[in-house]
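Enquirer: Put chain B on the given structure of chain A with help from the hints.
Protein sequences appear in the order of chains A and B. The first sequence begins at 0 in numbering that gives the first Met the number 0 and counts up one residue at a time. The second sequence begins at 0 in numbering that gives the first Met the number 0 and counts up one residue at a time.
Please note that the accuracy of each hint is not assured.
[What the hints assert, rightly or not] Subject to a maximum C-alpha distance of 27 Å in a straight line, what follows is the list of computed DSSO-like cross-link-like pairs (lysine-lysine):
#1 B:153 - A:46
#2 B:125 - B:153
#3 B:153 - A:3
#4 B:28 - B:171
#5 A:3 - B:125
#6 B:171 - A:3
#7 B:60 - B:28
#8 A:311 - A:294
#9 A:46 - B:171
#10 B:171 - B:125
#11 A:46 - B:124
#12 B:53 - B:28
#13 B:20 - A:46
#14 B:62 - B:20
#15 B:28 - A:46
#16 B:125 - A:46
#17 A:46 - B:120
#18 B:28 - B:59
#19 B:86 - B:53
#20 B:28 - B:124
#21 B:86 - B:125
#22 B:120 - B:86
#23 A:294 - A:152
These are calculated hints, taken from the structure and not from any lab test.
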Amino acid sequence: MTIKIEDAFNDCFERLILGESLDSCLRRYPEHAMELDLMLRTAYDVKRRAYPIQPRPEFKYWSRVRLQGVQDYARRQPAPGKASPFNYRRNLAISVAGLLVLVIASSGTAAASYAALPDQPLYGVKMAVEQARLTLAVSDVDKAEVYASLAEKRAHEIVAMAQQGKADYLISTSARMDYQLEQAESYISKYQAANATGPATTMDALPAGTTTEALPAETSTTGSTGQSVQTVPAPTTQVKPPFTATDNKSDAEQPAIIKQQPPPTRAAANVSRAKTALSSSTAKSLTALQDALDKAPESTRPAVIKAIERVKKANEWSQHNSDEDQQYQEDKPKTITPKPNTFPVKPSPDALKPNHDNSGNFAPPDKPRYIPSLNNNLSNPATDTAKPPVIVPNTQIQVPFTPTIPKVSDNGDSSTIKVFSK
Amino acid sequence: MLIEEQLVQRAVNGDREAFTKIYDLHFDKIYRYIYVKVHSQAEAEDLTQDVFIKAYEGIKKYKWMDLPFTAWLFRIARNRVIDYIRKVSKEKKASLDEAGAISSGDPVYMTEINFEIHQLKDALKKLPDAQREVATMRFISELSIAEVALALGKREGTVKALQFNAIASLRKLLYGKIDDY
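In isolation and in its complexed conformation, chain A is listed as follows (with noise of 0.2 Å):
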């Protein structure tokens, strides 16, 4: 019975993955052997020639972090089609978390995570009792304030691990750190912005309910019932006042609306609050992470050096809007919409060039695989010294070769052909 070429050639393609010669897997085919020669050279060519295409590891990695991302995203979405005017859900979520942590709390492998490092088994435990705090805090500036408060253990941890020159865990660490800072200032960004009205003695000055004529420049107000109301500054931002006069003449004189918003010295008391909560955080970790960048084994100070610029960075940003919290808005704030707790801003390539193996939940770049070279009589890899060459897009070549071509017409010399799979 004559076995088809396609079949001869599928089945010496799979002896040869699994390590056979090409000699011995010819000598089955004795009447296709010479066709299968050839043919089985060009498609180890074609493997030898796609094996350089590899993803860039930092691709991989921060690819990766973004589909954790969009995991606990996902986890956090109501079900569509359950929302309820009382939120029940957001409410249970709340009660489960806040028993969760009393019940964590209460136990010892809660404190035990306290102090736990990326690489100790407790570490989870420590992410979720964060994530409980987080669920529970239930406004912005709460929020920024965790956020604030995280990162600083963020940068504690990017300390012990950098002095243990754990590299791969720095990269991950650095990246949840970069995540949590950027989200305390999202967040108080956010709640500026959402608070941004006039200057704060206007509307303290104006009792609730109380008609204005429209606000001129350094003018005096008089109400509808004819009270004179104390003379104010005119705000000078674009943003309307909590509410307005009317006396049915235009549109832009319409029935006052009383907007139910904390009172404006309250919101600038958080706001300095969530602040000085960042700056104190980043300050802290700043020191910690610059005494520990002189410790630091070299191959973790480059991540060091980026963890103390993103922090300074933050502490810089919380600094500066301090001041500009003086002056309360002489501009509206900008409005940083909170991404949700999913995708960190990637650092510069250069921060994380991820010459690291990691594991846990981010784990390295797979290992290289073996690529035999061309040469007729190939070695086995795993006994091999010689490093396969690692070549990625942008990254630096571990080991050069010389790809040879393999023979084109080759008259079934006695080579032997090893293609070894992953």
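Expert: Relative to chain A, chain B alone:
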């Protein structure tokens, strides 16, 4: 495969860690599959990420009995690439072919590697669709014949024939002639 099946089952039940392992297992294969079909590294990266996000979104509805996971994942990748190519051709996007995406290291060596990748991509483009799909999945993403057959919805015998014809065509395209035998 049993381990993968268990992993997939855990992922279907919402186990994040299991899905991350699946991601690690298949990421490079999917990336290589996409890379040889699109113009640039950036496009390949975007599409690869899309594939895994789509896989995550759809995994709850996935059933092993209907289709092995690898085949299911490559179907997603294939559909995503088809959509993308269709969109790009509609927009008549300028070709940004950068087979030379590998940009650092020894320049002589990199030039040689990039040239070979460019040649390979070029040759693959010239194959009939069915041969190209089979060659890409089989020799570049290293799927088994059974997986390729299931991913493409073809019989294994057909895939073997396509595979052989694809290699014969690639030989001609890469080396300039068909040898006399």
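Enquirer: Each hint needs a verdict: does it hold in this structure or not?
Expert: Going down the list of hints, with the structure as the test:
Taking the CA atoms of residue 153 of chain B and residue 46 of chain A, the gap is about 23 Å. The hint holds against a cut of 27 Å. For a cut-off of 27 Å, the pair hint linking residue 125 of chain B to residue 153 of chain B stands: about 21 Å separates their Cα positions. At most 27 Å may separate the alpha-carbon atoms for a hinted pair to count; residue 153 of chain B and residue 3 of chain A meet this at roughly 18 Å. In summary, the hint linking residue 28 of chain B to residue 171 of chain B is supported, as the alpha carbons are separated by about 26 Å, within the 27 Å threshold.
Distance hint between residue 3 of chain A and residue 125 of chain B is fulfilled; the C-alpha atoms sit about 26 Å from each other, no more than 27 Å. The straight-line distance between the Cα atoms of residue 171 of chain B and residue 3 of chain A is roughly 21 Å, inside the 27 Å bound, and the hint therefore holds. Of the pairs offered as hints, the one joining residue 60 of chain B and residue 28 of chain B holds, with about 23 Å between alpha carbons and a cut-off of 27 Å not exceeded. For the hint linking residue 311 of chain A to residue 294 of chain A, the alpha-carbon distance of about 20 Å falls within 27 Å, and the restraint holds.
Annotation: proposed proximity of residue 46 of chain A to residue 171 of chain B holds, straight-line Cα distance about 16 Å (limit 27 Å). Only pairs whose Cα atoms come within 27 Å are accepted, and residue 171 of chain B paired with residue 125 of chain B is accepted, the gap being roughly 11 Å. At roughly 16 Å between alpha-carbon atoms, residue 46 of chain A and residue 124 of chain B fall within 27 Å of each other, so this suggested pair holds. The suggested pairing of residue 53 of chain B with residue 28 of chain B holds, with an alpha-carbon distance near 16 Å, which does not exceed 27 Å.
Restraint check: the Cα-Cα separation between residue 20 of chain B and residue 46 of chain A comes to about 25 Å, which is no more than 27 Å; the hinted pair holds. Under the criterion of a C-alpha separation no larger than 27 Å, the hint pairing residue 62 of chain B with residue 20 of chain B is consistent with the structure, at around 18 Å. Between the alpha carbons of residue 28 of chain B and residue 46 of chain A the distance comes to roughly 12 Å, so the proposed pair stays at or under 27 Å and holds. For the proposed pair residue 125 of chain B and residue 46 of chain A, the alpha carbon gap of about 18 Å is at most 27 Å, so the pair holds.
With a C-alpha separation of about 12 Å, the suggested pairing of residue 46 of chain A with residue 120 of chain B holds against the 27 Å cut-off. For a cut-off of 27 Å, the pair hint linking residue 28 of chain B to residue 59 of chain B stands: about 22 Å separates their Cα positions. A threshold of 27 Å between alpha carbons decides the hint, and for residue 86 of chain B with residue 53 of chain B the separation of about 18 Å falls inside it, so the pair holds. Pair hint residue 28 of chain B plus residue 124 of chain B holds up; C-alpha atoms about 19 Å apart against a cutoff of 27 Å.
At roughly 20 Å between alpha-carbon atoms, residue 86 of chain B and residue 125 of chain B fall within 27 Å of each other, so this suggested pair holds. A C-alpha spacing of about 20 Å is found between residue 120 of chain B and residue 86 of chain B, which places the hinted pair at or below 27 Å, so the restraint holds. Note on residue 294 of chain A and residue 152 of chain A: the hinted pairing holds, with a Cα-Cα distance of about 19 Å set against a maximum of 27 Å.
The structure is consistent with each of the numbered hints, conforming to all of them.
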